[in-house]
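Once you have looked at the hints, place chain B on chain A.
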Amino acid sequence: MRVRDLSISYGKGEPVLEGASVEVGKGQFVSLVGPSGSGKSSLLRAVMGLQKPLAGTVDAEVKPAEVGMLFQDDALLPWKTARDNVALGLTFRGCSQKSAAVQADYWLDRLGLKGFENRYPRHLSGGQRKRVALAQVLAQMPKLLLMDEPFASLDAIVRARVIQDVASLVEEEGISVLLVTHDLEEAISLSDRVYLLSQGPRARITQQYDVPIPRPRDPVKARVHPAFPALYEKLWNDLSHEVAFDQRAEAAE
Amino acid sequence: MLTDPRFALLRQLTAFGILLLVWEAAGRYGMINPLFVPSPSRIGAALYELFADGRIWPHLEATFTAALVGLALGIVAGIVLGVLAALIPPVAELLEPVMTLLNAIPRVVLAPLFVIWLGIELASKIALAFILVAVVIFFTVYGGIRQVDRKLVERIITLGGNRWDLVRHVYLPSVAAWVLGNLKVAVGFAFTGACVGEFVGASRGLGYLLSFAQSTYNSALMFALIFLIMVVVLLIFAAAGRLEKYLLRWQ
Chain A
1 MRVRDLSISY GKGEPVLEGA SVEVGKGQFV SLVGPSGSGK SSLLRAVMGL QKPLAGTVDA
61 EVKPAEVGML FQDDALLPWK TARDNVALGL TFRGCSQKSA AVQADYWLDR LGLKGFENRY
121 PRHLSGGQRK RVALAQVLAQ MPKLLLMDEP FASLDAIVRA RVIQDVASLV EEEGISVLLV
181 THDLEEAISL SDRVYLLSQG PRARITQQYD VPIPRPRDPV KARVHPAFPA LYEKLWNDLS
241 HEVAFDQRAE AAE
Chain B
1 MLTDPRFALL RQLTAFGILL LVWEAAGRYG MINPLFVPSP SRIGAALYEL FADGRIWPHL
61 EATFTAALVG LALGIVAGIV LGVLAALIPP VAELLEPVMT LLNAIPRVVL APLFVIWLGI
121 ELASKIALAF ILVAVVIFFT VYGGIRQVDR KLVERIITLG GNRWDLVRHV YLPSVAAWVL
181 GNLKVAVGFA FTGACVGEFV GASRGLGYLL SFAQSTYNSA LMFALIFLIM VVVLLIFAAA
241 GRLEKYLLRW Q
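Residue numbers (our numbering), protein chains in the order written: chain A, 1 to 253; chain B, 1 to 251.
Just so you know, these hints were derived from the structure itself, not from any lab. We treat Cβ as the ideally placed atom computed from N, Cα and C, and that holds for glycine. Possibly wrong hints are sitting among the right ones.
What the hints assert, rightly or not - Once the Cα atoms are required to be at most 25 Å apart in a straight line, the calculated PhoX-like pairs of lysine-lysine come out as:
hint: 1; chain 1: A; residue 1: Lys-80; chain 2: A; residue 2: Lys-98
hint: 2; chain 1: A; residue 1: Lys-52; chain 2: A; residue 2: Lys-114
hint: 3; chain 1: A; residue 1: Lys-63; chain 2: B; residue 2: Lys-151
hint: 4; chain 1: A; residue 1: Lys-80; chain 2: B; residue 2: Lys-151
hint: 5; chain 1: A; residue 1: Lys-52; chain 2: B; residue 2: Lys-151
hint: 6; chain 1: A; residue 1: Lys-143; chain 2: B; residue 2: Lys-151
hint: 7; chain 1: B; residue 1: Lys-245; chain 2: B; residue 2: Lys-184
hint: 8; chain 1: A; residue 1: Lys-80; chain 2: B; residue 2: Lys-245
hint: 9; chain 1: A; residue 1: Lys-52; chain 2: A; residue 2: Lys-12
Claimed, not checked - Derived, one-sided and incomplete: chain A residues facing chain B with beta-carbon distance under 7 Å:
hint: 10; residue: Met-48
hint: 11; residue: Met-69
hint: 12; residue: Asp-73
hint: 13; residue: Arg-93
hint: 14; residue: Cys-95
hint: 15; residue: Ala-227
hint: 16; residue: Phe-228
The following block holds chain A by itself, in its conformation from the complex (with noise of 0.2 Å):
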């Protein structure tokens, strides 16, 4: 997947992102890290179609259905089961209802959900519902996963297994990932490359960085390997001279 010198605006007003190029080679995992406001978002509603950039080309280089993209918010919808939720996607591409009862319960299953097929959303833990949505986007087999900060609103133990579970099934399926996070432990334990953005508006991507951590890789032990506190450090500097860079000039004007 190919970004290519995008820029994106709401409105009339200043565009929120510019120029930024962004690449994810085949079965790679990269992630966006960047102050709030940067266009990070965005950037990801570009490439999924959701949002018109202005400027920049987006070159999925895979088919429309073969993107999936999972929200901060998991989104389900409340009056279908966890069974239901999970088939959707896979009836709206020809599946029969049947059909695709029997590979959305494979995919529960797999993320260990058996047993709760049955349950309306409501009836479920955050957890629980974001395993769900990875279900749904999972059982569409998609060559090119979108997150736009999936984990944010789970607990620390609960998301440390999600994303175990994600980074496992990805790299097992061979998927490409762009995750957008404020979180740069979770970027670095899950990526191949971390691209860091400006403050917005006018966001660009100023550095990138490539993690040496070799796959396969259980993101709990990467934070352990000795790349880590180094690389973790250099881009913890550049986001906070980022910040500092913006505080000062909201400051001079």
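Then chain B, alone, in the frame of chain A:
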């Protein structure tokens, strides 16, 4: 027992029983003029007579038919027009001012007009119940769809759904939730429309009987009919509540 929530119904029934006893005693000892407020025993007797000689059934049938047909048509029309207005802006431009106007006026003032247009039979009562319900449901659906959770809409789009999938999987279930939430209000409006229509001009129905009781100063019959309408509407409320609980079990 005086504050235990489990005995709330018992406390309410006891209070109602005491009220009836005080009311009955006040009537028997001449403290209330029975011409205006008959005693509960007289109201009960009037009610018993209505059922004993069987003359109430055609009236109940007429009111029920007008209210339920008006309710069903009003809900269908309200949903269809609400969905169309929410999804097609030119339809909203045409419908919203008309519906706002109809919502702004007390719609029962249309009753005499419907009697002139449609006669004193069932059609004019159905029309009044229909217009009362349709306007309420229209605004429920129209406002509801415009406030539908954008995340759910985007979820359907990102899963590969089309416009029809959005209507089927997001808008219609949302609409069902809002309509069911307003079903009790709609039932009330439907019976208001049927009874007021019968009151204005009819040869059958509870509204017609009320009008007859008023013209003959038969306050016992009037109280009996009001009580009967209350019981009927409460029973329908209970049925609507059960339907709502079943269909919205995901909540």
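Hint by hint, here is what the structure shows:
no., hint, in the structure
1, A:Lys-80 - A:Lys-98, "holds (16 Å)"
2, A:Lys-52 - A:Lys-114, "violated (39 Å)"
3, A:Lys-63 - B:Lys-151, "holds (23 Å)"
4, A:Lys-80 - B:Lys-151, "holds (15 Å)"
5, A:Lys-52 - B:Lys-151, "holds (17 Å)"
6, A:Lys-143 - B:Lys-151, "holds (23 Å)"
7, B:Lys-245 - B:Lys-184, "holds (13 Å)"
8, A:Lys-80 - B:Lys-245, "holds (16 Å)"
9, A:Lys-52 - A:Lys-12, "holds (13 Å)"
10, Met-48, "holds (6 Å)"
11, Met-69, "holds (4 Å)"
12, Asp-73, "holds (5 Å)"
13, Arg-93, "holds (6 Å)"
14, Cys-95, "violated (11 Å)"
15, Ala-227, "violated (34 Å)"
16, Phe-228, "violated (33 Å)"
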